[in-house]
Every structure is written in structure tokens, then in C-alpha cells.
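Trainee: For reference, the chains in residue letters:
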Amino acid sequence: MTETTTPAGAAANKLRVDDLHLSYGDNAILKGVSMQLAQGEVVSLLGPSGSGKTTLLRAVAGLEAPHRGTIRIEDRPVFDAAAGQELPAEKRNLGLVFQSYALWPHRTVSDNVGYGLKLRKVASAEVRQRVDAALGNLGLGHLGDRLPHQLSGGQQQRVAIARALVYNPPVILMDEPLSNLDAKLREEARAWLRELILKMRLSALVVTHDQNEAMAMSDRILLLNNGVIEQEGTPQELYGEPRTLFVADFMGSNNKVEGQVVERRGDSALLAGAGWQLWGQARGAAATGGAATGMVRLERVRLADGEGANTLKLPLVTSMFLGDRWEYLFHRGDLRLRAYGPRALAPGEQWLEIAPDSFWIF
Amino acid sequence: MRVGLPRASVVGLTALAVCLPLGLIFYQSALNAPFFAPHKLGTGAFEFIFADSDFWDALKNSVVIATAMGLIAVPLGGILAFLMIRTDLPGRGWIEPLLLIPVFVSPMVLGFGYVVSAGPVGFYSVWAKELFGGVPWNVYSLTGIAVIAGLTHVPHVYLYSSSALKSLGSDVEEAARMTGSTPFQVARDVSLPMVTPSLLFSGVLVFFLGFEIFGLPLVLGDPEGHLVLATYLYKLTNKLGTPSYHLMAAVAVCIVAMTFPLVMLQRYLLKNAGKFVTVKGKAGRQRPLPLGGWRWVAAAILVFWLFVTVVVPLSGIALRALVTNWGEGVRLADVLTLDNFREVLQQPTLVRGILNTVLIGIVGGGLAVVCYTAVGLTTHRKNDVWARIVDYLVLVPRAVPGLLAGLAFLWVFLFFPPLAPLRSTIFSLWIAYTVVWLAYGMRLVSSSLLQVGPELEEAARSAGASPGRVTRDVTLPLIRYGLLASWLLVFMIFEREYSTGVYLLGPGTEVIGSLLVSLWGTGAAESVAALSFINVVLVAIGLTVALRFGVKLHD
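So the protein sequences, as listed, match chains E and S.
Note that the first sequence ends on residue 362 in this note's numbering; no numbers are left out.
Note that the second sequence ends on residue 555 in this note's numbering; no numbers are left out.
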């Protein structure tokens, strides 16, 4: 696994998790997860439901009990299975933003936000001042006396964030922070959240199941699958250089074709099916003669004028209008390809070109 | 995992309060004489009662009554629930609280109400005689007792089946209507079968309550000498001249031996009822099923049931409390009086009893809810050994009828001399009431606790609050309205309670419930009527407040 470049300093890693295992009864949820989070970095935990991403976040928060591994916050061990050490959630000094926001309905917005400070025995005048500052920062300055149910969804989300930030935790944890907002609001909130994180130099661990959200918001993505980290890297690495079929398939919109490897030349392989063959990058261990899966992103399938290198000729089934572009569906035998283009296509056969470095064979 | 001191002490105290009295019953049953007399271990007590033909009669009667109760209450309760929840029956809104009256009125009061209304010279019997020339019923016969017990337990079945029916989608019923079912066929073939787990559960509940009933058979069974297990136990008190505790303990063990398996069966059914949830139709979108012409037939059945189980006994109590005497040829206008109430208010014991009843309902009910909350919090969001222990501890008192529990607590106070001074204080009554209604109170408190989202508590944890602070700052404030509602319901239950106080009755511990039992024994019908009337009024006040504030009387 690649080491992240860390700035010099004692607490280079705000958060460090090593070989974490967790199970519910016989059901193993986390099977040895390791990760780091550096100062000022945003890391997303991405994965399908049941991959263990929320469990990992909750284990870091101290709300789930792992049975093996260690968790350190600013180099201070908060969980160490071998040493039998486990700091309860309230002693970890972390900020956690819940998917449902979990605002206390019986407390005003100010009381919700100020609760963590009150627990830390901050003088009440200072509590008021810091709560006002936090609310002001998040554009909620005038709402302090309201009760949570009197706020809109977007405002509630900001209160939840203010509540988690107000006592300056070293790491802020967010569990699907945007999923409760409606689609339109979500994109605005995404940009706003990214801006806030940069402005306040927060170190954040964010759980999400939405790859676009993960790519837009984070410096690094950990893609979890079935309790292990499938791949870790920058959004560009995960999108552009997936190491496994799972990662390739999880990110982006894809065409998948099943075929047989008929030739290998170094890193290149030739995948063939009934009436077609395409050169691509060999990313798996597929040997000549073995079955393999070829994958290409929808936006990497190009309409070609005529036959050329790495081209196919397929009949068009339909064109679908998506607003900013068209999506085409081609289909012959067991070969189904989708592609994007700027205009409606006339019915009939169409030449398609796939560049060998965009065609990944696993 | 570390267990905090508060939690450990709550669990410990609960275990003590539940197990000590029950343990004493078992211990006493294994002795051949009362524990205060010279005694030896032995099976003498069981041999005595097993040789007594009255015991076998009582057992037989108990089985007959419990079975009849199940056979009457389950179908009627199920149909009533279907009519109330799923159909456009007229007047559903105001009927529901009336339906639940038999749950909140003491069976002692109901029993007495039937005696004065439908007994040989009861109001309704006299009127019936004038109309038909004879009384076509006999409430003192075993059949009469069983029918009355069955009818008054219909609401118990109604409670469970109605909450199940509420979560059933109306699409399944509409599908049956589309294929050509009448409303009755819909109920019989679709709705009720789909809530079978709840019906089964309430059937076991009613059957098991059948072994516990005391007030009704005490009042109604007396004239013809029909005993059930609980009244047999009560009559044993002075059978041998001295208090025959060992014999009573042996009967108590026999009763618990029958009720405990039923409680366990209930628990098992409840677990499986939860699994059944997934098979339900689409809930949420519910439209009442139009009954068409049937709605008047259905309303007539409902009104008739209400008349027999609520109007007849309660109007009897009210009338009897307001007349000097009653019989054939007596004109109502001639005998109307308030003397019965004046009489009651002149007897210091009875006045104290009324005050104590109010006190134990308001203050005792409040303290009981505090205790139930403390116990509820020990299991809240926890699934360790301690939580499971509490789970079972709560079950135990359910299997012990109030009469036995009161007896057991009496023994606790007699057996441990340092506790003796508490016996003549209302504390003795309060602790017995609180333990007897532990399962009920816990259900109220835990249904409030379940409504608190776990993330609200986790948010406080991660903001830096210790578990104790989370309880104080988040959990308790969030359930405060639920706790107030529980207080009100526990108030009503404590006003109604009668059997638990029977053996604890003494100077200082009088309450209306136990006074009714003892006054009934002396034949003071006027005082019984007036006290019953006052008792009903107290419950009615609670019910009115509950309805006024929209407290849900059941889940």
C-alpha cells in the first residue's frame, strides 16, 4: 500500500487505523482494515451497502467494538485490542455528523451546538460566544433560538455539522452527510461542504455510497468491499487506474463484455468473442486461452466514421435523450454496448472505436 | 464489560424484590406447618390439599372458567377489533374508551355490580321478572360466572388484536372484497387469520388470567359455593383455626406451576409474532372497509356487548349506592338516598382507605414509574447477561397473581423482624403493588424508550457525554411525556387493584380494593356499593384526564 506523503510534525496522522477486525456474532464485518488520515485531509469511505464503511466509521467513533487491531487519534491509542485498551466514545473527543443529523428535538439549536462545550466545562459566556461564532460560520446566525423541527433539512444538516465542529475535534466523522438532502440541494451542499472543509482546514473522514460525492469531496478514497479495502488512492487513481474489476465497475458508468483472451503481448491482451476482438490493457491475471471480462467507461466509447484499429460494427437499438447529451444502446448477440454522443443517431449499423488504453481486461 | 454501580444495584434490588417473596412461598410450601410455628421440612401441605375434594373442585372450576373465557373472549375480541379498526362502524371514536372500561374497573366492583343488577333480586332481574314473568339467567351458576368472566375479558383480546390489525395494510382486504367476499368473510378469511399470532397470544393471556381471577368468583361463586383456586386459597386462611400458611403456600405453588408455563408460552409466542410482521400487506395506507347494511347489525352487537359488560354492572353499582334497599315491589323513588355515602364518611377506616387509595395511586404510582424507569434503563440498548437477567426477572411476577404476591410480601415482613415495622405502613402495600405490576410498567416504560432514536444518544456520546449524562440530558428528557402517560396508566391500575392488598390489609394499609373484599365478607352491601362507586369515580377521573391529554390507553 502506498504511504501518503505526510507533512513533518509529531501528529502527522490525525487518525491511524491498523488491521481492524470487527464482527457481529459469526458475521465478520471488518476483516483487517488499515488506513491513515493526515492533517487537513478529507478521506472518503466508499463502498456498496454492507461493505463495512459505516461500521468502520462507528468503530473509530467508539460506537462499535472491534475485536482486533488498533485505532490511534493524534498518535494516542484509543483502541488497542492486544493491550485490552478501549476508550469510550465520549473520551475520544471526535466530532460525528449523523446521517439522520440526530439533533436533540428537546433542545434549541444553540443548546444542541453548545452541549459539547458545556460538557467540557467551558464558561457559559464563552459557550455563547463560540456557539454564535460556529453558527455564524455556517450561515445559521439568526436561528439559535429555534427548535430543530422548525428548520429545513439543509439547515438541520448545518446545525449537525456545527455541533460536531464547535469543540474543535482533531477529526470530524461524517456518516452519509448529504444523503438526507434532495438531489438538487445535495450538489450545492457538496460544494459548500468542500469549501468549509478547506476553509477550516478540517481533517475529515466521510462515509458515502455515492461515487460522485466521494470524488468531488475528498482528497483520498478508500473503496471498501466486503470488509476489506479493495483499493485506496486519489479520486483520479481510483477512476483512472482501477486495480480490480470491482473497483473499475464500482466507479463510473461502464460497459462490460465477456470474452476469451486469445493473445498477450506484455501488458496488452486481445479479448475476443463471437465476431469481435479488441485489444486492451491486461489488468488481471488472465492468461492466453482463459475467460476474462473487458470493461470500458461509457464516455470512452467513440463513434467512428469507418473501420480502423480496435473498432466494432454494431446495430443501434435506440437513442435516449439525457438533456446534455444522448445515450445510445447497441446490441448484437451477447454483446451490449452503451455510448454517449452529442446528437440522435440514424438507425442502422455504426462503427465504434475503443482505444486500447481505455479497454481494461480483468 | 464493566457494570456501573447504579445499574448493578438496580438489578440487585429488583432481583431481591421479585425473588424473595416467591422464594418464601416455595420455602413455606415445603414445610408441614406455618413458619412461625414449630415446623419440619416435608410434603405434608401438598398431601393435605391433594386429599381435599374442595381443591379438586376448585381446580376443575378454574380450568372450566379459564377455557370458557378463552372461547368467549378470543372470537368476540377479535371481531370487535376488526369492527373497530377496519370498518366504517358508526361511532368508533367514542366507543373505544368505553370498550376498555372493564380493563380499568376492579373485577371485585364488576362482580358486585352483577350481583346487584342481575342477581336474583337485582335491578335488572326484578325488571325482567316484571316483563317476562321470570329471570332467564343465573349469575351465580358456574356457567354464569364463566360467561361474565369471558365477556369482561374481551377487551384484553381487543387490545392485542387491534394493535396488530392497525399495522395491517388494507390492500389485502380490498383484494378479498374484489373477489366477492362480504365484510364478514373478509374478517374470517383474511384479516383475522393474518393476525393469528396476536389472537393466539391474547388467547394464552386470557386463559392464564382465568387461573388468576379472584374478585368475580369470590363475589359470584359464594352463594352456590363455586370455588376456584384463588378463592379456595382465600378460604383456606382460617380453615384449621390458625392461619394455615403451609397449605396456602402449597396451593400458591400449584397456581404458579400452571401460570408460569403459560407466561413462558406467551413470551415464545410474542417472539414469533415479531417474525410474522414481514408477511403483512402494505401498511400505512388504510381505508375503512365499508360494511354497507351490515354496519347496523355490527353496531347492535357491539352495543349489546357494551350493555352487558359495562352498563349493567356499573349502573347497578350506581343505583345500589343511591338506595337504602332493593327488592321486588320496591319503588325506586321511595328508596333514593345519600345515606350510604354519609355512612362511609363516618367510618374512619373507610375514609382512611379512600385517602390511601388516592395516595397510592398518585404518589405510589409516580414512585413506581420512577422504579420502572430505573429498571427499564438497565436494559436499554444493552444486550448483556444483566439485561437478560432483568428480562426474566420481569416475567416472574406476571406468573404470580396479586393475591399470592400480597401474601408473599406479608410473609416477607413477618419473616424478617427488622422489616416488621414497615408492615403496618402503606409502604408494604406500595412495594407489593409495584412488584405485581412490574411487567406492565416495564412495558409502558420500554415502549417510550424504544421511541428514542439510538443516534440521538450516540450523538451525545460522541460530543463527550458519559453514559450517565446521556441518560440525564437526552434519554430522560425525550421520554418525559411517555413517563407522564405511564404515571397516569399506573395510577388507574393502582386505583383498580384489590387482590394484592387483601393479606396486607391492616390499620394504616387500608385501600378501597382490599376493603371491598373484607366488607363483602361481612355482608355490608351499602358500604360496598358506596365504596365501589367511589372507586369507579376515581378510575373515571384518571380515564378522563388520559383522554383529555390524548394518552394512548394501549399500544
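Rather than coming from a laboratory, the hints here were simulated on the basis of the structure.
Among these hints, one or two may not hold up.
Cut-off 25 Å, straight-line C-alpha distance, at most; resulting in silico cross-link-like pairs (DMTMM-like, lysine to aspartate or glutamate) [what the hints assert, rightly or not]: (1) K31(E) with D19(E); (2) K235(S) with D57(S); (3) K382(S) with D80(E); (4) K382(S) with E90(E); (5) K91(E) with E126(E); (6) K271(S) with D80(E); (7) K118(E) with E174(S); (8) K256(E) with E349(E); (9) K382(S) with E86(E); (10) K121(E) with E455(S); (11) K382(S) with E258(E); (12) K91(E) with D384(S); (13) K313(E) with E299(E); (14) K60(S) with E47(S); (15) K256(E) with E126(E); (16) K91(E) with E455(S); (17) K382(S) with E64(E).
Short, incomplete list of chain E residues facing chain S, as computed with Cβ under 10 Å [unchecked claim]: (18) Y167; (19) W326; (20) L329; (21) G333.
For each label pair, taking beta carbons as the anchor points, the in silico distance ranges come out as [claimed, not checked]: (22) R92(S) with A191(E): 51 to 59 Å; (23) A183(E) with R472(S): 56 to 64 Å; (24) D384(S) with D18(E): 21 to 29 Å; (25) R92(S) with N254(E): 51 to 59 Å; (26) E258(E) with P288(S): 49 to 57 Å; (27) P290(S) with A183(E): 53 to 61 Å; (28) W294(S) with N254(E): 39 to 47 Å; (29) S167(S) with N226(E): 30 to 38 Å.
Treat the numbers as computed from the prediction; the structure is a model and nothing was measured.
Using N, Cα and C, we set each Cβ at its ideal position, and we do this for glycine too.
Trainee: Check each numbered hint against the structure and report the violated ones by number, ascending.
Mentor: 6, 7, 11, 15, 19, 20, 21, 23, 27, 28
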